[in-house]
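Using the hints, position chains B, C and D against chain A.
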Amino acid sequence: MRVRSIGLWALAMTPVVFLATSPVAWAQTSTAAPITAKIDGKYGYWLPPDLSQHGSQIDNLITILHWFMAALFVGWAIFLVRCLIRYRARPGHAACYDLIKARPAKAVEVAVVIVEIVLLAGFSIPAWAKVKNDLPTEADTIRVRVVAEQFAWNFHYPGKDGIFGRTGPQHVNPATNAVGIDLSDEHAGDDVQTKEFHVPSDKPVICEISSKDVIHSFSIPVLRVKQDAIPGMRIPVWFRMKPGSEGNYEVACAQLCGNNHYNMKALMVIETPEKFAAWLTKAGEKEIFED
Amino acid sequence: MAGGHADVQKHVKAYLGVFVALAVLTVVTVLASKIHFGSKAANITIALLIATFKASLVAAIFMHLRWERGASIWWTLLICAAFFAVLMSVPSLTVFELPKQAIFQMWDVAPPVPGGH
Amino acid sequence: MAAHDHHTHDGHQTHGHGHPELGFWRKYVFSTDHKIIGVQYAITSLTFLFFGFCLVMLMRWQLAFPGKPVPLIGGLFGETMMPGGVMLPEFYNSLGAMHGTIMVFLGVVPLLVGAFGNYVMPLQIGAPDMAFPKLNMMSYWVYFVGGIVMLTGFFVPGGAANSGWTSYAPLSVVSQVSRNMWFTGQTIWLLGMVFLITSSLLGSVNFIVTIIQLRAKGLEFFRLPFFVWAQFVTAFLLLLAFPPLEAAAVLQLMDRVAGTSFFMPTGLVVSGQQGHWTGGGSPLLWQHLFWFLAHPEVYVLILPGMGIVSEVIANNTRKPLWGYRVLVYSLVFLGFMSFIVWAHHMFMTGMGTRMAAFFATTTMIISVPSVVILTALLLSLHGSCIRFNVPMLFALAFLPMFAIGGLTGLPLGLPAPDIHLHDTYYVIGHFHYVVVPGSIFAIFAGIYHWYPKVTGRKLNEFLGKLHFWGSVVGANLVFMPMFFVGMAGVSRRLYDQTVYQHGANVQTLTQISSFAAWFFGLSQIPFIINFFASIRAGKKVSDNPWEATTLEWATPTPPPHGNFPVIPVVYRGPYEYSVPGASRDYVPQNVTA
Amino acid sequence: MSSAALPYTVEPHPLTGVYSGKLGTWLFLASEVMLFGALFSSYVLLRVGAGDAWPSGEATHLSVPIGTFNTLVLIVSSVTMVMAWASLKMGNLAKGRMFLALTIALALVFIVVKLLLEYIPKFRGHHLPSTNTFYALYFTMTGLHALHIIGGIVVIGYFLFPGAALWRTDPEYYTNRIECTGLYWHFVDLVWIFLFPVLYLT
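Protein chains in written order, with our numbering: chain A, 1 to 291; chain B, 292 to 408; chain C, 409 to 1001; chain D, 1002 to 1203.
If we strip away everything but chain A, and leave its shape as in the complex, we get:
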């Protein structure tokens, strides 16, 4: 019985060994089209680079939490291992019926509660309130309507007048008017819609997230921004870049939205104010709307 099972086991392990050692298997491949723009930022094995001003709040919280978790875990693990060794069954050793007094355990539980309260009330909720409610009020805030669809992001800029043209589903034309601007509206003429997300690096940005079909999620890891795009709703998120964060980054979809969900990304270009203004003008000229 025993010998046979070892044999079977060894037999079963062969494919693993084969696969693990096969250089072909380890070569990286991708099903996606090659990334045309070079993506900036240094990525390691922890959090991705952080370009937003609110991001450090989230990052600090994550770091503090993981130290806290590690401390607790190590404490528990030491106790566990000590018990396993000290109280292992062996000749001459018997269990003790009486239970230990657990003052330290109670202290640990109280400490956990206190730390949780502090993290929640002191850090998490204020950070959340700031991200969700304290929308920037500066006059030069960039406003963008983000309209998700299967499987692309559309960005609608209000243009020079700073007012979005009226939109409606009956105006949607997948090829030329993806965000459904009503061209008869007086504010629509200067509106810009693109598939690339350009923002100037020096101004706060408010994105109004919505979706035409199913639920998507507007996720920019480097900005610590994530918001579900719920069809039938328009939900704002905002961010402010750190100085010197110009470069190319990626907008991802973080909510399963269909077959090509994995490839629903957009290029995000953070650029200097001058470059952004030039791009906006050029993009506005190129626009040809058909209704």
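FYI, nobody ran anything at the bench for these hints, they're computed from the structure. Quick caveat: nothing in here was measured; it's all calculated off a predicted structure. A couple of the hints might just be wrong.
These stretches of chain A come out as covered by chain C in the derived footprint (C-beta under 8 Å, 3 or more residues) [said to hold, decoys possible]:
hint, region
1, 52-61
2, 82-94
3, 154-165
4, 249-256
5, 259-273
From the three backbone atoms N, C-alpha and C, an ideal C-beta is built for every residue, glycine too.
Same frame as chain A, now just chains B, C and D:
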């Protein structure tokens, strides 16, 4: 619960009484819906109050809760009521609690409703 | 031991005289005996569990080596799933959705509740059977039909449901649309869910009534084994949390089949076409109803597992559980709280500060009883005498791994860190660290622990240890890298994460996960061999091989129809091990002195 | 066979005060409360979301007289159901069965009225579930309720004919089963008591 014949006979009288009450209250609900009590909400509240009263009668008499001594049944109902209350809070969670500037409207103009009446 | 021997012989002899002999079908297939039904549940759900695991082993290939043909078996799947052996995104999504559904609804819940609950719970409370034996049989067959319905999804055009196990509307309404809506994967998924929910409801009614009504004399609530308590709380969760999902499934069926707009808002434009829905619905309504079920469901997955682990730990430490009452109160409290935390799955759906604060607070509160339970189990080891047999090894692995699973829930339960971690691999790592030790390892512990009761033979220790070490190493290597992948910002449910720069960067970790998953899969081979071979070749054991105290060991092995030759009377609490002054190191519940 | 050996199928448990069937029925009803609760919750959410666009009064095209009639039919059927139990409790099987038959007849009246006077004319008039959210809710909620009525007909029908054989061997057990069936039936009536004003009157 009820033991002997005499008890059951007493119950039968209660059943008939409840029947009359339910029938009358049904008519009252219908009539109340014809009267305008100031606002839509007031009308709905009145209709639901009458319905709750009717339902209580059914539960108390027809379903014998009035005579029920089994604590386990009351516990079940209590737990159920608690979670039912949580379930009924779902609408207020979705509708009334949104971050600043979020709206339940993604388009600016109302779209034509296909097949609408 | 000697105390029970005369029962054993009497039991075997008297059994069968009072009852007419049943035919094969009534005895083994359409049986009303809770033990046969428990075994039926166990075999069916273990099969489903293995099948669900195979699905994910397939997915792991695509994740590790995106766009490369699956070796050896890639050609078997045909053009609609894997043309040229390369997995299509829609098939990948089907695998993902069905993996979740099968593991949760067809594998773990039926195993923990249907199999262990059914077989062990009536024995542990000294009952002759479940309160409603025919209803019990019906639960099993409704579950079986539900499982078959669920699987037919793979064989219809368009494949099985592919909108995730959460089936978020409107995606689940607009996907897999065809002329005959009744025969598309998502519709079949909804129908399957209706069956499975109905089965669970019938089962939970049965469990609650059995525990309330059929406890042996002297078995007060605070003398119940912890496993029975876990089943009791779990049954209430199933009873009250499942119906809203049943309602939601009916509404989604209406949306798909009758063209209603319960979850469809006004003004949808799908694939460039204005939708035919009248609108006025709410996509968030589905999420609320779904998570109203699915958060309690998480506790349905782990509470019975905690019950099993507690039984095994008490038995193999040879001392009473630390803080039995504290454990029970925590359990009940967990059950209650699990109903008011559901919206922490929805922080990203556009939630205001007040509501986020409320659900984050309830989430932090619910972590306290979890910590208490874990601490109590750890403290139970203190001053004990630990036997390292296979069930105990699995129970011990539960402790640190469940700790990791629980702790990593903290950043997800706090709304601010959740902004970065929501819907990333961090979430996958977190909940697999909860359910793999909490459910799967507990299930293994339970199988090794109670196998001798069912068959009269022990599982082989060596194969068991091989299985244990393979599983522990495998599971940790699968899920630990996921925390780092998630931290890097990689979303879950991606067919190919290398599309993104931050994904390509951590692709190596994903490959490690994949290899570990296949290793984890191979580690189950000794278990499968052991499970079947031991039925005939396992070492024969006595009625109470683990020298345990609870009532299931006070019956003959295997227990006869009607369970107890003489209905036992209970005199003490469930875990009276190493009582000072007693002649042996355990005092069964039904022994007077 | 095995059920005969189980305790507390007939006599109440000395501590809990109920027999198993009754407790089981109440637990089942608790889950039904959550089922219909989810539908009512959805109703409130969708109605609040719709605002003034929600049809009411004449705009619903629902007939209040027919609804009232059906409400009364269900109330009477509840009375006959409870009378069936009372008759059995007093040892009168014939009377009990008569009341059961009456209950089924009334339930059939409810279903026929619902189908012929409400559903079919609605379909003819192109008031379909897909027409608007009000009709979607109307058809789903009343449809699910009607399924419960049909389920009740099946159960009562079983106890009226084949199930009644139990009376000869164990009349008390049979009476208990009728009581449990009654609990379910009253619950179905109770749901309608809420459905009627919510859909027809407001």
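The hints, checked one at a time:
1. Coverage of the region 52-61 of chain A by chain C holds [criterion: at least 3 residues with CB-CB distance below 8 Å; count 4].
2. Counting residues of the region 82-94 of chain A whose C-beta sits closer than 8 Å to any C-beta of chain C gives 7, which meets the bar of three, so the coverage hint holds.
3. Coverage of the region 154-165 of chain A by chain C is violated [criterion: at least 3 residues with CB-CB distance below 8 Å; count 0].
4. Counting residues of the region 249-256 of chain A whose CB lies closer than 8 Å to any CB of chain C gives 6, so the stated coverage by that chain holds, three being the minimum.
5. Under the rule that three or more residues need a Cβ within less than 8 Å of chain C, the assignment of the region 259-273 of chain A holds, with 6 such residues.
When each numbered hint is compared with the structure, a violation occurs for hint 3 only.
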